[in-house]
Amino acid sequence: MRSEKSNRAPLSLKIAAAGGLTFMHLPILLIFLYAFTTEEKSYQFPPPGLTTQWFGVAWDRPDVWAALALSVKVASIATATALMLGTLCAAAVSQTRFFGRETISLLVILPIALPGIITGIALRSAFSMADIPFSFWTIVLGHATFCIVVVYNNAVARFRRISGSLIEASMDLGADGFQTFRYVILPNIGTALLAGGMLAFALSFDEVIVTTFTAGQQSTLPIWMLEELIRPRQRPVTNVVAMIVVVVTFLPILGAYYLTRDGDQIAGAGK
Amino acid sequence: MTIVAESIILPERRGTAGRLSDFFWRHPRVLLAVLLGPPLLWLGVVYLGSLFALLLQSFFSIDDFSGLINYEFTLATYRQLLSETNLDIIIRTVTMAAVVTLVSALIAFPIAYYAARYARGKWKVLFYLGVMLPLWSSYLVKIYAWKLILAKEGILTWFFEKLNLLWLLDAWLALPVVGGNSLSVSYTGTFIVFVYVWMPFMILPIQAALERVPSNLIEASSDLGGTPAQTFRHVLFPLALPGIVAGSIFTFSLTLGDYIIPQIIGSSRLFIGQAVYAQQGTAGNIPLAAAFTVVPIVIMGIYLWMANRMGAFDAL
Amino acid sequence: MTTAVLFDNVSRYFGAVRAVDRVNLDIAEGEFFAMLGPSGSGKTTCLRLMAGFDQPTGGHIEIFGETAEGVPPYRRSVNTVFQDYALFPHLSILDNVAYGLMVKGAGREERRKAAEDALAMVKLPGYGTRRPGQLSGGQRQRVALARALVNKPKVLLLDEPLGALDLKLREQMQEELKSLQKSLGITFIFVTHDQGEALSMADRIAVFNEGQIQQLGSPEEVYNQPKTRFVADFVGSSNVLSTKLCQRLGLKAAFASLRPEAIVLAAPSNGALSLAGTVAGQSFLGATNRVVVDVDGARIAVASPAAHVVPAIGSPVTISFAARDLHPMEDA
Chain R
0 MRSEKSNRAP
10 LSLKIAAAGG
20 LTFMHLPILL
30 IFLYAFTTEE
40 KSYQFPPPGL
50 TTQWFGVAWD
60 RPDVWAALAL
70 SVKVASIATA
80 TALMLGTLCA
90 AAVSQTRFFG
100 RETISLLVIL
110 PIALPGIITG
120 IALRSAFSMA
130 DIPFSFWTIV
140 LGHATFCIVV
150 VYNNAVARFR
160 RISGSLIEAS
170 MDLGADGFQT
180 FRYVILPNIG
190 TALLAGGMLA
200 FALSFDEVIV
210 TTFTAGQQST
220 LPIWMLEELI
230 RPRQRPVTNV
240 VAMIVVVVTF
250 LPILGAYYLT
260 RDGDQIAGAG
270 K
Chain W
0 MTIVAESIIL
10 PERRGTAGRL
20 SDFFWRHPRV
30 LLAVLLGPPL
40 LWLGVVYLGS
50 LFALLLQSFF
60 SIDDFSGLIN
70 YEFTLATYRQ
80 LLSETNLDII
90 IRTVTMAAVV
100 TLVSALIAFP
110 IAYYAARYAR
120 GKWKVLFYLG
130 VMLPLWSSYL
140 VKIYAWKLIL
150 AKEGILTWFF
160 EKLNLLWLLD
170 AWLALPVVGG
180 NSLSVSYTGT
190 FIVFVYVWMP
200 FMILPIQAAL
210 ERVPSNLIEA
220 SSDLGGTPAQ
230 TFRHVLFPLA
240 LPGIVAGSIF
250 TFSLTLGDYI
260 IPQIIGSSRL
270 FIGQAVYAQQ
280 GTAGNIPLAA
290 AFTVVPIVIM
300 GIYLWMANRM
310 GAFDAL
Chain C
0 MTTAVLFDNV
10 SRYFGAVRAV
20 DRVNLDIAEG
30 EFFAMLGPSG
40 SGKTTCLRLM
50 AGFDQPTGGH
60 IEIFGETAEG
70 VPPYRRSVNT
80 VFQDYALFPH
90 LSILDNVAYG
100 LMVKGAGREE
110 RRKAAEDALA
120 MVKLPGYGTR
130 RPGQLSGGQR
140 QRVALARALV
150 NKPKVLLLDE
160 PLGALDLKLR
170 EQMQEELKSL
180 QKSLGITFIF
190 VTHDQGEALS
200 MADRIAVFNE
210 GQIQQLGSPE
220 EVYNQPKTRF
230 VADFVGSSNV
240 LSTKLCQRLG
250 LKAAFASLRP
260 EAIVLAAPSN
270 GALSLAGTVA
280 GQSFLGATNR
290 VVVDVDGARI
300 AVASPAAHVV
310 PAIGSPVTIS
320 FAARDLHPME
330 DA
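Chains as they are written, first to last, in numbering that gives the first Met the number 0: chain R, 0 to 270; chain W, 0 to 315; chain C, 0 to 331.
To be clear, the hints were calculated from the coordinates, so they are not data collected in a lab.
C-beta: ideal position from N, C-alpha, C; glycine also.
Do not take every clue at face value.
To be verified - Computed list of lysine-lysine pairs in BS3-like fashion (alpha-carbon distance at most 27 Å, straight line):
hint	chain 1	residue 1	chain 2	residue 2
1	C	K243	C	K226
2	W	K121	R	K13
3	C	K181	C	K112
4	R	K40	W	K146
5	C	K251	C	K226
6	C	K153	C	K177
7	R	K40	W	K161
8	W	K161	W	K146
9	R	K40	W	K151
10	C	K103	C	K153
11	C	K112	C	K167
12	C	K103	C	K167
13	C	K112	C	K151
14	W	K151	R	K13
15	C	K112	C	K153
Unchecked claim - Simulated DEER-style distance windows between Cβ atoms:
hint	chain 1	residue 1	chain 2	residue 2	range
16	C	T128	R	E226	50 to 60 Å
17	R	G215	W	L167	25 to 35 Å
18	R	I229	W	W166	28 to 38 Å
19	C	G125	R	V71	45 to 55 Å
20	R	T37	W	L54	50 to 60 Å
21	W	P237	R	L49	49 to 59 Å
22	W	R25	C	D25	22 to 32 Å
23	W	S266	R	L49	49 to 59 Å
24	W	L74	R	F54	55 to 65 Å
25	W	P237	C	T277	54 to 64 Å
26	W	E218	C	G69	37 to 47 Å
Stated by the list, open to error - Chain R residues, not near chain W, derived (Cβ > 12 Å throughout):
hint	residue
27	A16
28	V56
29	R60
30	L69
31	G189
32	Q217
33	I252
This is chain R alone, in the form it adopts within the complex (with noise of 0.2 Å):
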């Protein structure tokens, strides 16, 4: 329907949305470019020369390893707690009515939209008044804090769709409360789990700020990065793990997207 001159856009407006998706887009592609370049000690642009070496040398670094491997585990424990939380909350919210409902959603939202840096110094703050040492499960706890909103956002967006009728329909069919969670409202709220968890793996593996408070002497990915980024060691290594970064994160992000495409779809617009 490109006919009527309304829907055509004017041409400003075109060059003004390509020029900002270019700006977003092209920092990143650069990020590939570096990742071959045969310039070890500094920045330099056009790198001199292309190489695949760097790759091989990632690969036999054992601290690269143990901090991919760290990040990993993290992420799947505070994904799986984000889920558990997440999903209670999103049931209770969306199937029942009582008082102090919107304050719950503004609990949720809480730990991201307050700056990482509160959440970070308040949980750290915390674990020394309490005594706990730093280890992998803080690390986990304060993950799982601001993961659980993600979680909760496409558990509810479902929720709202689902007929509230559907529920009322299995229980008159006579299933009661187990049997239609598992047959009725699981089906129904799966997929937007599996994009809620993939988003919040995401979330987790990426985080920096939080971690840097709630971790002792573990490094994870992030933290890795930071500290390269800080006092580069082997700038060559840094951008092929910065690339394998980018690739990596868009795998669960692709996903959550087709898993939620139709309907809700603004599934990790609140990161």
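For this one, chain R is given, so just place chains W and C on it according to the hints.
Frame of chain R; chains W and C shown alone:
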């Protein structure tokens, strides 16, 4: 006891699940408590509790000699917060957050507007993913990319050189405040990276708000003789405003609290986030760090309150 | 005769709102019962109380002689056809119909057979593999019916069962529902705001307004002898004659109702009553002309056969009707 076959009331499902299900059905409040209990315990007690404990610390002070925290109620830490150096940090950060938000809105609006009004079918998906992927890309990788770009030997210098415009870059860097030795140690650099990293958060809320504007409203305005500029000013912009405000919650709040971007790309002058980090870490002055965190909390509280009154939360 | 559903002084309040206010009902086994009323009149709340989705604030409910309060919906041998059909979008038509049997633990083969029989009964044989999204509104309605009936309920509740269908389909489904109910012998209780639907299908009708039953009776009673002004208006727009007109006609009642189709535009034949007035307006309704006659300031509607000539507006006219068509009413 046998059940009468003709009974209209069916027997309870056998086992714990059946009994529990009946129990929950008769006592919906108990079910609600079971559902809400764990998340409330986590967020309401652990998270809010930590936050509250932190705020409480801002009313204590640090002993100058021993470096230990003096657990007595005092406003001394807040007096310290309002000292000239610290006030400077606060003003610098808030100004930066405001400018970043404004420029983000300017860049985000055309993208959101095009996606909401003109993009259809395949293009719409492309736009959506084109926004989502950078939005969700690794925060550190994005900063790293700009370290590559802004480096003296990097692509930007090369680009200016090719265009024979190096004098322009040098003139800009020679300016007071925004300038510096190179882009990567100037406010300009900090500003560009802030905009780059937080701007994508602005697009989807604006798009959501614009998508709620029926297109015949725009047609009605031009039908009534409105020029495109008038239509934008009187119809489109007011309707998109809740989306802009919703998006600005993110850009503003995230800029206020960031300490990594100015640390990696910027001058040595501190932002709130860095001050908090330094106070709790090297200085060990938890009360002052806590008092510093009160600043973004109060600013965001006012901001959220105003946003709520404008109906911005519907666009989230 | 066995009582299927009994409401004894049942109330349901939502805060200050009296959704259902001291309602008494006694629905017999095998009856086709209609609850008729405008939206918000309490009829749907009554249905939900029967299904068990809601609990009464006061009073007592019995289903086949057993106390229903506190019994969850999944333990009542009562099934519902929902207004939006509420078919499970993630299940095939066959699995939708077999759902009730599945949760009760019936075997796969038994379920399949019963579901296919039920689909055949609602004239949708072979539709089992489709998804709800692939069916038309009328077909979904039949699936919803099959899904409820496969459980062999003692009482079937229908919430505005035909509301979402177009006129042609609605008339066809009315016939089918009626014959289905006769052949199964199950008590059908349905909620509707469409008086035509209630009159044509139900054995008895309860007319609801503001949480209370205004009148309960056979379609003929409710239609011909409305007890209150609300019923007279809601069930087919009767004329309500004022006290003054009643006195003039020699009737000892405060108000009386008179159906438009009981009136003729002619001088009275023997024994008929009559009133003189002028024609104030007319409109063509297809089979009839609706003529409004002004009798001393009171407007009386007359349904005149379309074949009859209608006098011009403003011309004097005499209306006449039989005394037995004039029904005294309790209140205005």
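Tested hints:
1. C:K243 - C:K226: 19 Å, holds
2. W:K121 - R:K13: Given pair K121 (chain W), K13 (chain R) holds - Cα atoms ~17 Å apart, limit 27 Å.
3. C:K181 - C:K112: 23 Å, holds
4. R:K40 - W:K146: 14 Å, holds
5. C:K251 - C:K226: Measuring from Cα to Cα gives roughly 16 Å; hence the hint holds.
6. C:K153 - C:K177: With a Cα-Cα distance of about 17 Å, the restraint between K153 (chain C) and K177 (chain C) holds, given a limit of 27 Å.
7. R:K40 - W:K161: 23 Å, holds
8. W:K161 - W:K146: 20 Å, holds
9. R:K40 - W:K151: 13 Å, holds
10. C:K103 - C:K153: Cα-Cα ~17 Å, so holds.
11. C:K112 - C:K167: Since the Cα atoms of K112 (chain C) and K167 (chain C) sit roughly 32 Å apart, the hinted pair is violated (cutoff 27 Å).
12. C:K103 - C:K167: 37 Å, violated
13. C:K112 - C:K151: At roughly 14 Å apart (the allowed maximum being 27 Å), K151 (chain C) and K112 (chain C) satisfy the hint.
14. W:K151 - R:K13: Distance ~32 Å between K151 (chain W) and K13 (chain R) Cα, so the pair is violated.
15. C:K112 - C:K153: The given pair, whose Cα atoms are some 21 Å apart, holds under the 27 Å limit.
16. C:T128 - R:E226: 50 to 60 Å: 58 Å, holds
17. R:G215 - W:L167: 25 to 35 Å: 48 Å, violated
18. R:I229 - W:W166: 28 to 38 Å: About 32 Å separates the Cβ atoms of I229 (chain R) and W166 (chain W), which means 28 to 38 Å holds.
19. C:G125 - R:V71: 45 to 55 Å: 50 Å, holds
20. R:T37 - W:L54: 50 to 60 Å: 52 Å, holds
21. W:P237 - R:L49: 49 to 59 Å: Check passed, 52 Å falls within 49 to 59 Å.
22. W:R25 - C:D25: 22 to 32 Å: 27 Å, holds
23. W:S266 - R:L49: 49 to 59 Å: Once the Cβ atoms are compared, 34 Å apart, the range 49 to 59 Å for L49 (chain R) and S266 (chain W) is violated.
24. W:L74 - R:F54: 55 to 65 Å: About 57 Å separates the Cβ atoms of L74 (chain W) and F54 (chain R), which means 55 to 65 Å holds.
25. W:P237 - C:T277: 54 to 64 Å: Holds, since P237 (chain W) and T277 (chain C) (Cβ atoms, about 57 Å apart) stay within the stated range.
26. W:E218 - C:G69: 37 to 47 Å: Given about 58 Å between the Cβ atoms, the range is violated.
27. A16: The assertion about A16 (chain R) is violated, with a minimum of 4 Å to chain W.
28. V56: Label holds. Min Cβ-Cβ 18 Å, cutoff 12 Å.
29. R60: Correct as stated: the minimum Cβ-Cβ distance to chain W is 17 Å, above 12 Å.
30. L69: About 15 Å separates L69 (chain R) from the closest Cβ of chain W, which puts it past 12 Å; holds.
31. G189: 18 Å, holds
32. Q217: Consistent with the label, Q217 (chain R) stays out of reach of chain W, its closest Cβ about 17 Å off (over 12 Å).
33. I252: 5 Å, violated
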